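Undergrad: Based on the hints, put chain B in the right spot on chain A.
Protein sequence lines correspond, in order, to chains A and B. In terms of numbering that gives the first Met the number 0, the first sequence is numbered consecutively and its last residue is 582. In terms of numbering that gives the first Met the number 0, the second sequence is numbered consecutively and its last residue is 207.
Errors might be hidden in some of the hints.
Stretch by stretch, here's where chain A covers chain B in the computed footprint (C-beta under 8 Å, at least three residues) [claimed, not checked]:
| hint | stretch |
| --- | --- |
| 1 | 33–46 |
| 2 | 96–109 |
The following label-pair restraints were derived from C-beta to C-beta distances [stated by the list, open to error]:
| hint | chain 1 | residue 1 | chain 2 | residue 2 | range |
| --- | --- | --- | --- | --- | --- |
| 3 | A | Leu341 | B | Ser35 | 46 to 52 Å |
| 4 | B | Met94 | A | Pro562 | 55 to 61 Å |
| 5 | A | Glu427 | B | Lys42 | 57 to 63 Å |
| 6 | A | Glu392 | B | Met94 | 33 to 39 Å |
| 7 | B | Thr38 | A | Pro575 | 58 to 64 Å |
Since the hints were made in silico from the structure, they are not lab data. This structure is a prediction, so every number in the text was calculated from the model and none was measured. Backbone N, C-alpha and C define an ideal beta-carbon position, used for all residues, glycine too.
Residue strings, one per chain:
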Amino acid sequence: MQPREPAEEIKHLQRCVNDLISVLALPAVWSGGEPSHIVHTLLDALLRMLQLDLVYVRLKETGGQAPIEMVRFAQSKKHTAQAREVGAVFEHWLGAGLQEWPPRMRNPFGGRDISIVSLGLGLQGEIGVIVAGSERTDFPQQTEKLILSVAANQASIGLQEARLWSEQKRIASELDRRVAQRTTELGAANEELRKEIAERKHAEEDLRSSEEEHRVIVEAANDAVVSMDERGDILLANPATKRIFGYDPVEIVGKPLTMLMPEMMRKLHENGFKRYLATGKRHLNWQGVELTAQRRDGQEFAAEVSFGELTSDGHKVFIGFIRDISERKQAEDQLRASERNLQMAQAELSRVSRLTTMGELAASIAHEVNQPLTAVINNGSACLRLLANRNLEPEVLRRALEGIVADGTRASAVLARIRAFIKKEPAEKTPLDINEVMQEVLVLAGRELDENQVLVDHKLATDLPFVLADRVQLQQVLLNLIMNGIEALIAVTNRPRLLWVQSRINESGDVLVAVSDSGTGFGSEGDRVFTPFFTTKANGMGMGLSISRSLVESHGGRLWAAPNSPHGAVFSFTLPAAIESPS
Amino acid sequence: MTGAPIVFVVDDDASVRSSLKFLLSTVGLHAEAFDSADTFLRKNLPDAPSCLVLDVRLPGLSGLDFQRELAVRQIYIPIVFLTGHGDIPMSVRAMKAGAVEFLTKPFRDQDLLDAVRIALERDSARREQEKEVMILQRRFDSLTSREREVISMVVSGMLNKQIADQLGTAESTVKVQRSRALEKMHAESLVDLVRMIEKLKAPPGGVR
Numbered sequence: 000m001q002p003r004e005p006a007e008e009i010k011h012l013q014r015c016v017n018d019l020i021s022v023l024a025l026p027a028v029w030s031g032g033e034p035s036h037i038v039h040t041l042l043d044a045l046l047r048m049l050q051l052d053l054v055y056v057r058l059k060e061t062g063g064q065a066p067i068e069m070v071r072f073a074q075s076k077k078h079t080a081q082a083r084e085v086g087a088v089f090e091h092w093l094g095a096g097l098q099e100w101p102p103r104m105r106n107p108f109g110g111r112d113i114s115i116v117s118l119g120l121g122l123q124g125e126i127g128v129i130v131a132g133s134e135r136t137d138f139p140q141q142t143e144k145l146i147l148s149v150a151a152n153q154a155s156i157g158l159q160e161a162r163l164w165s166e167q168k169r170i171a172s173e174l175d176r177r178v179a180q181r182t183t184e185l186g187a188a189n190e191e192l193r194k195e196i197a198e199r200k201h202a203e204e205d206l207r208s209s210e211e212e213h214r215v216i217v218e219a220a221n222d223a224v225v226s227m228d229e230r231g232d233i234l235l236a237n238p239a240t241k242r243i244f245g246y247d248p249v250e251i252v253g254k255p256l257t258m259l260m261p262e263m264m265r266k267l268h269e270n271g272f273k274r275y276l277a278t279g280k281r282h283l284n285w286q287g288v289e290l291t292a293q294r295r296d297g298q299e300f301a302a303e304v305s306f307g308e309l310t311s312d313g314h315k316v317f318i319g320f321i322r323d324i325s326e327r328k329q330a331e332d333q334l335r336a337s338e339r340n341l342q343m344a345q346a347e348l349s350r351v352s353r354l355t356t357m358g359e360l361a362a363s364i365a366h367e368v369n370q371p372l373t374a375v376i377n378n379g380s381a382c383l384r385l386l387a388n389r390n391l392e393p394e395v396l397r398r399a400l401e402g403i404v405a406d407g408t409r410a411s412a413v414l415a416r417i418r419a420f421i422k423k424e425p426a427e428k429t430p431l432d433i434n435e436v437m438q439e440v441l442v443l444a445g446r447e448l449d450e451n452q453v454l455v456d457h458k459l460a461t462d463l464p465f466v467l468a469d470r471v472q473l474q475q476v477l478l479n480l481i482m483n484g485i486e487a488l489i490a491v492t493n494r495p496r497l498l499w500v501q502s503r504i505n506e507s508g509d510v511l512v513a514v515s516d517s518g519t520g521f522g523s524e525g526d527r528v529f530t531p532f533f534t535t536k537a538n539g540m541g542m543g544l545s546i547s548r549s550l551v552e553s554h555g556g557r558l559w560a561a562p563n564s565p566h567g568a569v570f571s572f573t574l575p576a577a578i579e580s581p582s
Numbered sequence: 000m001t002g003a004p005i006v007f008v009v010d011d012d013a014s015v016r017s018s019l020k021f022l023l024s025t026v027g028l029h030a031e032a033f034d035s036a037d038t039f040l041r042k043n044l045p046d047a048p049s050c051l052v053l054d055v056r057l058p059g060l061s062g063l064d065f066q067r068e069l070a071v072r073q074i075y076i077p078i079v080f081l082t083g084h085g086d087i088p089m090s091v092r093a094m095k096a097g098a099v100e101f102l103t104k105p106f107r108d109q110d111l112l113d114a115v116r117i118a119l120e121r122d123s124a125r126r127e128q129e130k131e132v133m134i135l136q137r138r139f140d141s142l143t144s145r146e147r148e149v150i151s152m153v154v155s156g157m158l159n160k161q162i163a164d165q166l167g168t169a170e171s172t173v174k175v176q177r178s179r180a181l182e183k184m185h186a187e188s189l190v191d192l193v194r195m196i197e198k199l200k201a202p203p204g205g206v207r
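Next up, chain A with everything else stripped away, as it sits in the complex:
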């Protein structure tokens, strides 16, 4: 190498210092840039400063970043080789480690021989390598080496930073990406969830609104609504239960439904319920049946009950709708009672008017008959006195006896008039089936029998001969006997009220009818019941049996009474069988 002129030397050094300042300024240019940008800037700066013919950089692969190769040729050389081709040519020296370059080598891309210098980037070349070549034979001068190494250092730092930066950016972006992705995923999941929630909500709302609807209906219901499980225990009860039964719904839940029934119904219910569970057969009308229920205070009341059934989780649930109809029943009973009172009042009225008539009749009879009787007795008594005094004037006695006869005749005429008055119509006798008449009378008395809870037992013989009788009179007799039986039964409260009606042929071939009751009987007064105006009844006239007996006797029969065993009385009458049968 030739020594330089001092002046030239100074100039050279000055240029060198300028280049160094430029190199030191490079980081400001590439700050924050990409490695490729840094390499670009580096290559351009070195090519221009050191008047190189080629400069090449290879950056090793780091942290997921592809290796970078870049090459610059001096413009004048017009080389077009690609960085990869250049790299392949230099591979021999760049391979495992940096080999010693030959001092001069043939320019593999054509032209004159070149001198090559290579420097590692990073402390041990871990970042990459930079190769500079020049056709100049004095290459590389001391200053050029210095510039190259400073530039390499600067580039190393920049690249390091860029790499870090890039890595950070990459991580950040990866993070961003991941966050974004996760966000998207989460968003999607959220959306999915929201949809599901909305759907569920909707379904729940639907359910709730329908449940709410049912709940409101049940809560507001006027009837007690009580549900029961298969064991017969109460599951639920609505507020009306409190009003109707007196139980707070919470206190009866879990307890047996039978607690809402009177004692006598509990067993019936349990049996019926078991039978239903076993057979599925309903023995009650589920759409409303009248039952007796029991309130908390033990009071029983009439209830109208309807049932429903549903299956929940494989178990049957029964729902009862219980309506308190005691007021309705009471009103019905009152109505019935007032009807009955009205009837009784009417009966009483007719009885009173009958009595009044009878009383007037009796008074009239008394007066009409008493007058001649008084005269008869007076005359008779006077005659007896005269006889006793042996005062025997035939004329006096004759007149007295004439008076007696006249007054006796007069009394009998009065009675004949009364009989004619009472006996208005002659009997119209026709052949009759006594059983048929009996049935007619039982229909007539049906209301009285029902009202007084009297059970009638028929023992009517078939194939009875007809009797020749007046239908109305026979009805009167039978009705009288049946009504007497009912009246004798009204006082009976400790045993069934039974009335037997019987018809048969007796030993004499007559038709015998017996009306028996389990009533109070007539005690020791059995023989007096047929006496007119004799009665054991508070409201009796004492005429019924005596009239009945007359009527039966007018038909050629007999009517008598006997005690029934163990209670009550038997009234029997016979009627002769008709010779002719009806045609």
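TA: The following block gives chain B in isolation, referenced to the frame of chain A:
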């Protein structure tokens, strides 16, 4: 002066009337019969012990109304009621109003005859009493006013001296007037006089 007892029968039934007359005749009683209260009232009653056998149930005035009517007319005749169908309230009313008996037709002859006998005795006694009072009254009426004054004071228990003081006369004058009054009244003693004055004060018709 007084005639034989007489029984009046009032009944609307002719048989009853004649049979009663006949029955009463067997015990020697005379009877007169009427078919209504009005016909009986038209009759002038004789001065003889009498009674009325009366049917409660009469045409026109009823037996009970008739009883009241007689009381109003101050006819104090004992009544035996007869009835065809008497009730207790009716008989109570009749008995309270002074009836002797209340008999229901047909009755035992003895019951009627007993009732009639009692009725006649009662009427007899009343008539006796009435007659006595009438005589006493006549005697009392014959007294001077001063004599009446004196005996009414005597009867009230005053002494002659007191009477004289009150009347402003001498005791001897009172003595004279007193003895004259006793004489006029046919009183044998002071006690007798007191009894007479009592009878005069008694209400008419009463039988005690």
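Undergrad: What hint numbers does the structure not satisfy?
TA: 1 and 4
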